[in-house]
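Protein chains in written order, with the numbering used here: chain V, 1 to 225; chain E, 1 to 165.
Derived by calculation from the structure, the hints in this document are not laboratory data. Ideal placement from N, C-alpha and C gives every residue a C-beta, glycine not left out. Take these hints with a grain of salt, some might be off.
[Said to hold, decoys possible] Okay, derived cross-link-like pairs now, DSSO-like style, lysine-lysine, Cα gap no bigger than 30 Å in a straight line:
1) Lys141(V) with Lys56(E)
2) Lys167(V) with Lys102(V)
3) Lys167(V) with Lys8(E)
[Said to hold, decoys possible] Which chain E residues face chain V? A few, computed with CB under 10 Å, are given here:
4) Gly20
5) Leu34
6) Val74
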Amino acid sequence: MSPLISKSSARRHAMVDPDVHLMLRVRDGDAEAFTELMRRYQGRVLLVLEHLVGSRDWAEDLTQEVFLRVYRARKTYTADAKFVTWLFTITNHVASNALRTKARRREVRLRGAANSSGSGRPLERFLQCSSGQIPARQLDKTEMRDIVRLAMETLNERQRMAVLLNKFEGMSYADIAQAMEMTPQAVKSLLSRARLNLRQMLIPYLETGRPPEAPPSVGAEELAS
Amino acid sequence: MDAPQPPKITDEDLIAYLDGELEDAACRWIEKLLMTDPAIRRRLQELERTWELLEKLDEPVADDRLTRSTLEMVAVEAAREVQETSPLQGRRFWVRWLLVLGSLLAAAGLGVAVGWFLTDDPDRQLLEDLPLLENLDCYRQIDDFQFLKGLQERMLFQEDQSDEG
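All chains should be built: construct the whole structure from the sequences, respecting the hints.
This is the structure:
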């Protein structure tokens with residue numbers, strides 16, 4: 001919980017959230033309320049997860065996992081926060097666990113194959129392929145989408161999550177802090193680094209059609225922390 | 001003496017300003033700087049432009065298939081929960097039914113006992129009249145009731161009964 005918001009005031013805010021009331025009905029065994037919550041939030045969870053993990057099929061599996069966890073947690077649910085904050089706390093846990101597991105598997109797979117050829121950064125690869133063919137011209141919609149997607153992939157997992165919650169869910173720093181179990185000040189710094197990284201990746205490309213000279217690192221210090 | 005330098009604006013503040021996360025005083029300070037400093041204005045525009053570019057990302061739509069599949073998973077989970085809790089429910093069921101059965105048996109026993117004392121039972125009457133019935137043939141041979149009463153007062157019948165016993 002954000003230190004700026006007391007528990008009692010968070011509870012007061014939560015009680016005016018209609019989705020909190022739906023979740024309380026789910027807690028009391030109302031299946032219709034659960035279906036309604038799924039109808040309202042499944043697409044939003046899927047959107048965040050797809051951009052977080054970069055695969056539609058995987059994002060669908062994780063979305064199902066999120067709602068299964070919501071169902072399992074219904075009996076212990078308390079209206080301490082907005083429903084969306086609680087939901088994306090679960091989403092964040094599910095995504096973090098999945099990405100950690102994937103990273104461990106990849107580490108095992110890559111052991112012994114350290115000298116593989118080519119750049120590891122997708123945006124660099126993309127730019128190496130396309131920059132020669134792109135003068136300073138108008139980028140088409142698909143190309144733009146791919147560039148933005150690849151720029152997002154250069155962010156680390158936490159930066160990406162914060163950006164997605166802020167951009168697509170319109171969540172405040174305090175709500176993101178609660179969902180990601182950080183302080184609002186840490187969220188402010190995280191979002192700042194993420195947006196500066198995105199600016200550094202995208203602005204030169206938009207203006208000149210040329211790749212940026214030195215793509216920034218993907219926040220190794222955050223991964224290490 | 002030089003005037004004190006105003007605090008330098010950071011990208012973190014600019015981004016918080018764009019996100020509407022700054023307090024009024026800080027907003028006014030940034031707006032004042034934006035009016036006078038083209039470099040800050042440019043930084044802000046770049047950040048804003050980059051942020052808007054994220055809208056180019058696909059917005060996946062959850063289809064009915066995913067909804068159906070998720071609800072099926074939840075239904076399986078619900079069934080599993082019921083299965084896990086049913087042994088407990090079964091035990092409670094049998095305890096409840098044993099209590100009901102015990103109460104019924106106790107009530108029935110009480111009813112029989114009360115009935116025994118309150119109703120005219122022909123067998124009980126027969127049992128009480130058994131000494132008379134056993135000697136009925138003897139009594140019939142004697143017509144005088146006063147004589148029989150005299151024999152009873154002398155305890156002659158009781159001796160017979162104790163001899164027989």
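Hints and how they fare:
1. Lys141(V) with Lys56(E): Answer holds: Lys141(V) to Lys56(E) is near 8 Å, not above 30 Å.
2. Lys167(V) with Lys102(V): holds (26 Å)
3. Lys167(V) with Lys8(E): holds (27 Å)
4. Gly20: holds (8 Å)
5. Leu34: At about 17 Å, which exceeds the 10 Å cut-off, the nearest Cβ of chain V leaves the hint on Leu34(E) violated.
6. Val74: holds (5 Å)
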